[in-house]
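First to last, the protein sequences are chains A and B. Going by my numbering, the letters in the first sequence line up with residues 1 to 463, in that order. Going by my numbering, the letters in the second sequence line up with residues 464 to 567, in that order.
Don't take each hint at face value.
[To be verified] Just a few of them, taken from the derived set where beta-carbon distance is under 8 Å, the chain A residues facing chain B:
id: 1; residue: I43
id: 2; residue: L60
id: 3; residue: T237
id: 4; residue: P350
id: 5; residue: N354
[Said to hold, decoys possible] Rough simulated footprint, nothing fancy, chain B against chain A, three-plus residues with beta-carbon under 8 Å:
id: 6; segment: 25-36
id: 7; segment: 106-118
id: 8; segment: 200-208
id: 9; segment: 297-308
id: 10; segment: 323-333
FYI, nobody ran anything at the bench for these hints, they're computed from the structure. Backbone N, C-alpha and C fix where the C-beta goes; we use that ideal spot for every residue, glycine too.
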Amino acid sequence: MNRTIYDLIGLSAGVMFILALKGLSHPRTARRGNILGAIGATIATIAVFFYASEGNELPLNNLGWILGAIAFGVLVGVPAARKVQMTAMPQLVALFNGVGGGAAALVAIVEYLKLGDTASTGVVIATVFTVLVGCVSFSGSIVTFLKLQELMTTRPVVFPGGRFIIAATLLGTVASAVWVVVELGTTPLLILAALSLIFGVLFVLPVGGADVPIVISLLNAFTGLTVAAGGYVLDATLLIIAGTLVGASGTILTRLMAEAMGRSLFGTLFGAFTAKPQEAGSASETRTVKSGTPDDVAILLNYARRVVIVPGFGLAVAQAQHTVRELADLLTAKGIDVAYGIHPVAGRMPGHMNVLLAEANVPYEQLSEMDEVNPTFPQTDVALIIGANDVVNPAAKTTPGCPIYGMPILDVAQAGNVIFLKRSMRPGFAGIENELLFDPKTTLLFGDAKASLTKVVGALKAL
Amino acid sequence: MDLIAIVTIFVLAVFVGFEVVSKVSSTLHTPLMSGANAIHGVILVGAIIVADHSETNLELGLSVAAIVLATINMVGGFVVTDRMLEMFKGKSGGRANQSSGDKK
Numbered sequence: 001m002n003r004t005i006y007d008l009i010g011l012s013a014g015v016m017f018i019l020a021l022k023g024l025s026h027p028r029t030a031r032r033g034n035i036l037g038a039i040g041a042t043i044a045t046i047a048v049f050f051y052a053s054e055g056n057e058l059p060l061n062n063l064g065w066i067l068g069a070i071a072f073g074v075l076v077g078v079p080a081a082r083k084v085q086m087t088a089m090p091q092l093v094a095l096f097n098g099v100g101g102g103a104a105a106l107v108a109i110v111e112y113l114k115l116g117d118t119a120s121t122g123v124v125i126a127t128v129f130t131v132l133v134g135c136v137s138f139s140g141s142i143v144t145f146l147k148l149q150e151l152m153t154t155r156p157v158v159f160p161g162g163r164f165i166i167a168a169t170l171l172g173t174v175a176s177a178v179w180v181v182v183e184l185g186t187t188p189l190l191i192l193a194a195l196s197l198i199f200g201v202l203f204v205l206p207v208g209g210a211d212v213p214i215v216i217s218l219l220n221a222f223t224g225l226t227v228a229a230g231g232y233v234l235d236a237t238l239l240i241i242a243g244t245l246v247g248a249s250g251t252i253l254t255r256l257m258a259e260a261m262g263r264s265l266f267g268t269l270f271g272a273f274t275a276k277p278q279e280a281g282s283a284s285e286t287r288t289v290k291s292g293t294p295d296d297v298a299i300l301l302n303y304a305r306r307v308v309i310v311p312g313f314g315l316a317v318a319q320a321q322h323t324v325r326e327l328a329d330l331l332t333a334k335g336i337d338v339a340y341g342i343h344p345v346a347g348r349m350p351g352h353m354n355v356l357l358a359e360a361n362v363p364y365e366q367l368s369e370m371d372e373v374n375p376t377f378p379q380t381d382v383a384l385i386i387g388a389n390d391v392v393n394p395a396a397k398t399t400p401g402c403p404i405y406g407m408p409i410l411d412v413a414q415a416g417n418v419i420f421l422k423r424s425m426r427p428g429f430a431g432i433e434n435e436l437l438f439d440p441k442t443t444l445l446f447g448d449a450k451a452s453l454t455k456v457v458g459a460l461k462a463l
Numbered sequence: 464m465d466l467i468a469i470v471t472i473f474v475l476a477v478f479v480g481f482e483v484v485s486k487v488s489s490t491l492h493t494p495l496m497s498g499a500n501a502i503h504g505v506i507l508v509g510a511i512i513v514a515d516h517s518e519t520n521l522e523l524g525l526s527v528a529a530i531v532l533a534t535i536n537m538v539g540g541f542v543v544t545d546r547m548l549e550m551f552k553g554k555s556g557g558r559a560n561q562s563s564g565d566k567k
């Protein structure tokens with residue numbers, strides 16, 4: 001295959017990627033868009049096997065190794081993607097993004113080892129960029145994975161002098177990047193890679209749990225840009241196009257996500273350093289909450305005219321989507337108006353809860369976005385909050401300086417009655433006390449969301 | 464390739480990237496991110512190219528690792544995105560069929 005045909009195939013793959021992103025932006029075309037992207041990527045991959053670059057002949061060298069490595073990657077990636085619980089899906093996406101960044105960094109390193117002194121300054125700069133950002137994306141994504149998997153604390157990690165350590169690491173990283181460009185050589189490049197890996201970890205550690213999705217999206221955009229730079233190093237136009245597309249759309253997406261959460265990007269990344277330390281909620285422990293039985297909850301629901309269900313991550317963890325639908329169906333059959341109030345970041349990522357409820361066949365018309373449902377709370381008799389906390393926490397409006405301050409919330413406090421189904425009094429993902437729990441009109445039902453809901457459904461049927 | 468040609472491609476691709484996702488409901492943020500994530504898995508092409516070039520064992524080892532990681536990114540990314548979007552399928556027709564199927 002000659003270069004022209006190869007480039008034309010690359011161009012068509014690039015067009016497919018554009019159409020894929022376009023398709024993914026609309027609910028009706030999203031799935032087709034994704035499949036189109038997969039076809040584009042497959043075509044591009046197959047084409048490399050039939051293209052002999054200058055001085056090389058077909059078949060490719062190390063063909064066995066290449067095919068074996070692809071087969072191994074498929075054997076790892078596909079089962080992981082197919083078997084993951086939908087609740088754990090955000091961290092898997094983070095992990096996939098991280099390995100992509102790692103792959104780009106490795107590609108640049110190998111090409112650099114091979115080119116040695118013959119590399120032009122432009123190529124060296126692109127290599128440095130790819131290694132630096134690819135490594136940051138790799139180690140940063142691993143930390144976001146650990147946070148979402150709750151293998152480490154979800155609170156912002158801030159240590160004394162943290163910002164100086166981060167600044168020093170960044171300075172060291174930039175200095176070693178300049179060193180590579182000026183001196184060339186393998187040692188500076190490896191030092192650069194090591195410092196970038198450390199910087200990636202330090203960069204994500206101070207980010208609070210609720211903001212992690214924004215960081216994943218940002219790192220996704222980073223990886224896109226590394227792939228584009230890698231494309232320059234390898235003189236592969238398709239990689240430049242695909243990487244730039246992802247970098248640009250990822251940046252926009254990061255901004256949209258931050259807006260949906262009422263956060264500025266700057267506040268997300270550096271908020272932990274500027275926020276005032278939280279006052280310990282020692283007074284709260286002595287206050288009492290009103291806890292109810294499943295029967296109490298059933299009675300409240302039975303005599304309501306309008307119920308808004310606010311699902312949160314606790315519902316997803318308990319796999320209670322199906323039970324909640326059963327409850328909603330039962331209430332609807334009794335002539336009660338039921339809606340689901342979906343916070344943009346309910347679950348762990350924007351849109352995550354919609355995916356989970358769609359899995360349980362909840363009718364799409366019942367899912368209301370925050371802006372639609374908020375004005376209806378004063379006419380709502382019962383707000384049933386299942387395993388959510390931060391997204392209904394009035395502290396976001398009333399307590400300047402708390403980690404979620406400024407995030408738009410669902411105004412459940414406006415409803416006649418508020419029912420929380422919670423596992424415990426433990427604060428939510430963002431680690432903040434919720435004043436609403438102590439409100440006189442709030443009833444709490446402790447326990448696993450699914451077990452509680454099953455009891456409530458039983459009690460409702462018995463009424 | 465000519466530097467100007469590359470800069471041209473880069474700048475135009477930035478604008479296309481901005482345009483295609485400028486209006487998207489929050490429902491689709493997660494699948495869109497995941498789909499874009501899978502697309503940058505196309506670095507696999509680059510990994511294959513460097514594996515072809517590899518002469519020393521070190522180079523080959525690193526490029527094989529790059530191929531494995533890139534494949535996981537690309538294939539895993541598209542599969543998990545498809546699984547997410549499968550949940551949204553057939554808001555009218557497909558869903559009705561599905562729920563009637565459940566009742567049988």
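Evaluation of the provided hints:
{"no.": "1", "hint": "I43", "verdict": "violated (10 Å)"}
{"no.": "2", "hint": "L60", "verdict": "holds (4 Å)"}
{"no.": "3", "hint": "T237", "verdict": "holds (7 Å)"}
{"no.": "4", "hint": "P350", "verdict": "holds (4 Å)"}
{"no.": "5", "hint": "N354", "verdict": "holds (5 Å)"}
{"no.": "6", "hint": "25-36", "verdict": "holds (count 8)"}
{"no.": "7", "hint": "106-118", "verdict": "holds (count 7)"}
{"no.": "8", "hint": "200-208", "verdict": "violated (count 0)"}
{"no.": "9", "hint": "297-308", "verdict": "violated (count 0)"}
{"no.": "10", "hint": "323-333", "verdict": "violated (count 0)"}
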